[in-house]
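This is what each chain is made of:
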Amino acid sequence: MSALISISHLTKTYKRDKQEITVLKDVSIDIEQGDFVALMGPSGSGKTTLLNIIAGIDRPTQGEVIIAGTNIGVLSETELSKWRSRHIGFIFQFYNLIPVLTAFENVELPLMLTPLSKSERRRQVELALSVVGLADRMDHYPRQLSGGQEQRVAIARAIASDPDIFIADEPTGDLDRVSAEEILTLLNRLNKEFGKTIVMVTHDPSAANRARIIHHLDKGDLIPQGQS
Amino acid sequence: MSMTKLIVKNAFRHTLRVLLTIVGISVAVVAFGMLRTVVTAWNSGVAASSPNRLIVRQAVSFIFPLPYSYKEKIAAIPGVSAVSWLNWFGGTYIDKDQFFARQGCDPETLLSLYPEYTLTSKEISAFKTDRSACIVGIETAKRYGLKIGDIMNMEGDIYPGSWQFTVSGIYIPRSKTDDATQMFFHWEYLNERMKQDDLTRADQVGYYVVKINDPSRSAEISQKIDQLFKNSAAETKTETEGQFQQGFVSSSGAIISAINIMSYLIIGIILLVLCNTMIMTSRERTREYAVLKSLGFTGGHLFAFIAGEALTISMLGAGIGIALLIPIVQGFESFLPRGWFPVFIIETSTYVLAGSSALIVGVIAAIIPLYRALTMKIVDGLRFTG
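In order, the protein sequences belong to chains E and V. Residue numbering for the first sequence is 1 to 228, as defined by our numbering. Residue numbering for the second sequence is 1 to 386, as defined by our numbering.
A portion of the hints provided could be inaccurate.
[Claimed, not checked] Derived DSS-like pairs: lysine-lysine, alpha-carbon spacing no greater than 25 Å straight-line:
#: 1; chain 1: E; residue 1: K18; chain 2: V; residue 2: K9
#: 2; chain 1: V; residue 1: K237; chain 2: E; residue 2: K118
#: 3; chain 1: V; residue 1: K195; chain 2: E; residue 2: K219
#: 4; chain 1: E; residue 1: K118; chain 2: V; residue 2: K128
#: 5; chain 1: E; residue 1: K25; chain 2: V; residue 2: K377
#: 6; chain 1: V; residue 1: K230; chain 2: V; residue 2: K71
#: 7; chain 1: V; residue 1: K195; chain 2: V; residue 2: K71
By construction, these hints were calculated from the structure, which means they are not laboratory data.
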């Protein structure tokens, strides 16, 4: 069976002024359906760039990124937008909720891109919020929630459209220990109970230990497992 | 949640800022509407002109009279279907601040040349039979509480002495743009008095109003009339009623042009106010736009959000401005000397211009924020810290 995410010979370079900076060097990695992968490494190692490329919000300079059979590097911007809305759920470090929208409305956002009816959307949002334990806070605005609750709303937003892959960029980076544990437990549930594939970037070893596989990057190189 | 709800929620995110922007747009729309109304009031005489009426006046200046004897000669010119005449009277009614046009006329022909002034047959008959009778426009009648049978006492200046006129009719114009403030009385009444008081001023009229059947022949007929009186003691200048009215307006042309320019500058101010708000807004929301893009929202969605927000603000401002314009114009008119502008109304075109300008301004104000949002890379937007 082929991997859900298959990255081969991925190189990413940025141009800053006249200087060319290589952020990822010939990275190849396969991630299976249902894996929970943590990407670790020091700042500037290229882990967030790799995550962004897998999420389809950045493009490779060289190499192939095939996800669920689609080479996302060749998709146009509009195709990529549609692809993201179907396949990717985002969980950001700073939650990135829309402050003028309630928890319910924030979770409903990605569903606005689907052909679901209003009542179907409502059911889906309520389900997502109950999964993250915030069914009783759906009318609260982000400012009325704690950091941990905000992140749980963000996770509800990510799961509402039922994507295959969750992309989590330092999901516990802005949280206290207790809230961080809650979020990691939630991610574990999504992975184990719902079979979702999770790719997470973290600096925190205890967060990374929740993942089944840990990949280390250093200066754009993927370090073979067992050598980190 | 609908897109509209999201747009409205976003538009009112910074309540004070958006309210100040809306107030700014409203004030600008009121100012724009006021200036346009003044310009249209100034041009109302031109707008109300009929293409089949020619005005024959003294070639040297409008203030010099023409002989009454010209009437028959003008009427004999082919293409002329009727001839009437008017004579500016001036005078003081109540006091010098009470201004409205008062003119001597020929009651037999006046109303056939000016069918836009409507009277009942009883009023017309009374006007024609009583030599001291006059008719007044509905606005003037309302202003002074005049009723049929009332006596209007006037003190003459161009034609000295005390004058008395009996109101025999109150005319109602067919259109809002027609002058409803004038007063017409018998030229014959004036002429008889001149025959007694100052014979040199008798049998003279201010200007002729000539009705032609075919407006396309106006230039040719005008030329024929002027040719007829060439090298006479009172040469004529004949022009269409529109050109004649334009002659009055063009003496104030520079002022009108300045007002016109100002009214369009105001549109520019609205644009700057809204652009400023939208650029600040979009800058603050850089990260949110990146999040929306990452969730799968496309350029079309961002266009709807940003343009929708700009249009919500601009159209709200325009709506409030237009709603305020009506009472403000009425208030402004009440401060003007009475009769300053015989027609002072907000034309439909002013509403349309204000509304469409706000619409265009809304779209233009969205261009820069939209360009930024569309060209922004998601990864850069997510890193944006303001």
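Taking the hints in turn, this is what the structure says about them:
no. : hint               : in the structure
1   : E/K18 with V/K9    : violated (43 Å)
2   : V/K237 with E/K118 : violated (75 Å)
3   : V/K195 with E/K219 : violated (113 Å)
4   : E/K118 with V/K128 : violated (75 Å)
5   : E/K25 with V/K377  : holds (22 Å)
6   : V/K230 with V/K71  : holds (15 Å)
7   : V/K195 with V/K71  : holds (19 Å)
Checked against the numbered hints listed earlier, the structure breaks hints 1, 2, 3 and 4; every other hint is satisfied.
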